[in-house]
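Participant: Given next are the chains, with one letter for each unit.
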Amino acid sequence: MAKTHVTASINGDVKEFLCEPSDTLLQTLRDELGLTGTKEGCGSGDCGACSVTINGRLVCSCLVLGVEAEGTEIETVEGIGASDKLHVIQEKFLEHAALQCGICTPGLIVSTKALLEENPDPTEEEARYYLAGNLCRCTGYDKIIRAVMDAAETMRGGA
Amino acid sequence: MVSVVYEAPDSIQGAIDLLANATITTKVLAGGTDLIIQMQGVNEERLVVDVKKIPGMMDATLSDKGLDLGPSMPCAEFTARDDIKAVYPGLVEAAYLIGSTQVQGRCSVGGNLCNSSPAADTIPALIANGAQCVIKGPGGERTVAVEDFVTGVAQNCMDKGELLTLIKIPRPAANTSDAYLRFIPRTEMDIAVAGAGVSVTLDDDGTCTAARVAIGAVAITALLVPEAAQALIGTKLDEDALQAAADAASAASKPITDRRGTVEFRTHVVGVLVKRAAKIAAERAGG
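Protein sequences appear in the order of chains A and B.
Sequential numbering from 39 applies to the first sequence in our numbering.
Sequential numbering from 152 applies to the second sequence in our numbering.
If you're looking for bench data, these hints aren't it; they were derived computationally from the structure.
Wrong hints could be hidden among the right ones.
To be verified - Below, computed lysine-lysine pairings styled on BS3-like, alpha-carbon distance capped at 30 Å:
#1 B:311 - A:41
#2 A:53 - B:204
#3 B:287 - B:178
#4 A:41 - B:203
#5 B:178 - A:53
#6 B:287 - B:311
#7 B:405 - B:387
#8 A:53 - B:203
#9 A:41 - B:204
Bound conformation, chain A alone (with noise of 0.2 Å):
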């Protein structure tokens, strides 16, 4: 079967890249273009680890094929934060050790950034609610979602 030819911009780069028409946009994204950030936790739209926002809307890159992303605008965990200065979600990640092993992180990371776009000043309910479809299997959730909190204070401007 040949290869597809797709053209997407990818964290505000246009990239043009090749993909089987059966892989997902979670494969493609690791597998053809290195950006490993992104995790395989279930690999059935369950756990979100895979999550990036396509034309800002939030997504499990392993329900979507590769060849679905022509002509989108595709933000993963890479685009958030530049390498010399984390994004204020990453910063509170840290400061409340909200991560054990690590793997849900990415992804509750981008739905943070997609809950706090769409709703800067949520309540905690309605956080837990969004981000529910981010699961921590180390079920460090208490920690996650006061740095979630805090990020969208600090984000708002606030103390």
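Since the structure of chain A is provided, determine the placement of chain B on it from the hints.
Facilitator: Coordinates of chain B only, in the frame set by chain A:
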């Protein structure tokens, strides 16, 4: 491993031609939240027809006549439409219950219908609202009521070459509203053990003049239960009427026992859900 031939036509006719002329197993791709999982472990060549580039498939238009819903509109976009929520709150609630934020970003009401699971959340809510499916194929166009669309577990009435192109939901009469409730053992991100969609119309003194009751996850397809609606019509939705509707829904259900619930539990709970959904719909209809 599955081998995919991917096509993304930009017209309904283009999609119908691909679907009708295919010589290999063909699947329509909308949000892919069911389809991509179902293709894992499949060992054959498949034609995947992505319908999201077809004009109208991703749109929703609300007018005096009702809602014309593009079947592939992501639920995240659908549930964010306050104009739609104001008219069909129960349907929007049902769509909101499907999966996580990430799944909401891709899954669609049309996909939920075409996946044709007995536990699909939007189907009882669509039936309660009298929704119709517009299907186009090589033989032309036909319209099928949602309660007749699904014919079995993961089976529906569409023939080879046919595509669901529009879901038409009539504008509710004055003083009409709907509600959808489901039972799951968790607080969210689960599959219905039983579900109920109810629409009621009240007159000025609060008497129910019309109703539609649909139940899900308690038979091989979602069911319209006219006996439950009849139990509500002509009453002020007092406890006796609500109990009669609940009993009618329980009697109409034909559930199975599986790891998520037993026959006895589902039979009982579907009645309770009908009762509660009818109360919520009536509160909304009464304004």
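Participant: Please go over all the hints and tell whether each is borne out by the structure.
Facilitator: So, going through the hints one by one against the coordinates:
1. B:311 - A:41: holds, 28 Å
2. A:53 - B:204: holds, 21 Å
3. B:287 - B:178: Between residue 287 (chain B) and residue 178 (chain B) the Cα gap is close to 16 Å, so the pair holds against 30 Å.
4. A:41 - B:203: holds, 21 Å
5. B:178 - A:53: holds, 28 Å
6. B:287 - B:311: Satisfied, since the Cα-Cα distance of roughly 11 Å is no more than 30 Å.
7. B:405 - B:387: holds, 29 Å
8. A:53 - B:203: With a Cα-Cα distance of about 22 Å, the restraint between residue 53 (chain A) and residue 203 (chain B) holds, given a limit of 30 Å.
9. A:41 - B:204: Roughly 21 Å between the alpha carbons, so the hint for residue 41 (chain A) and residue 204 (chain B) holds.
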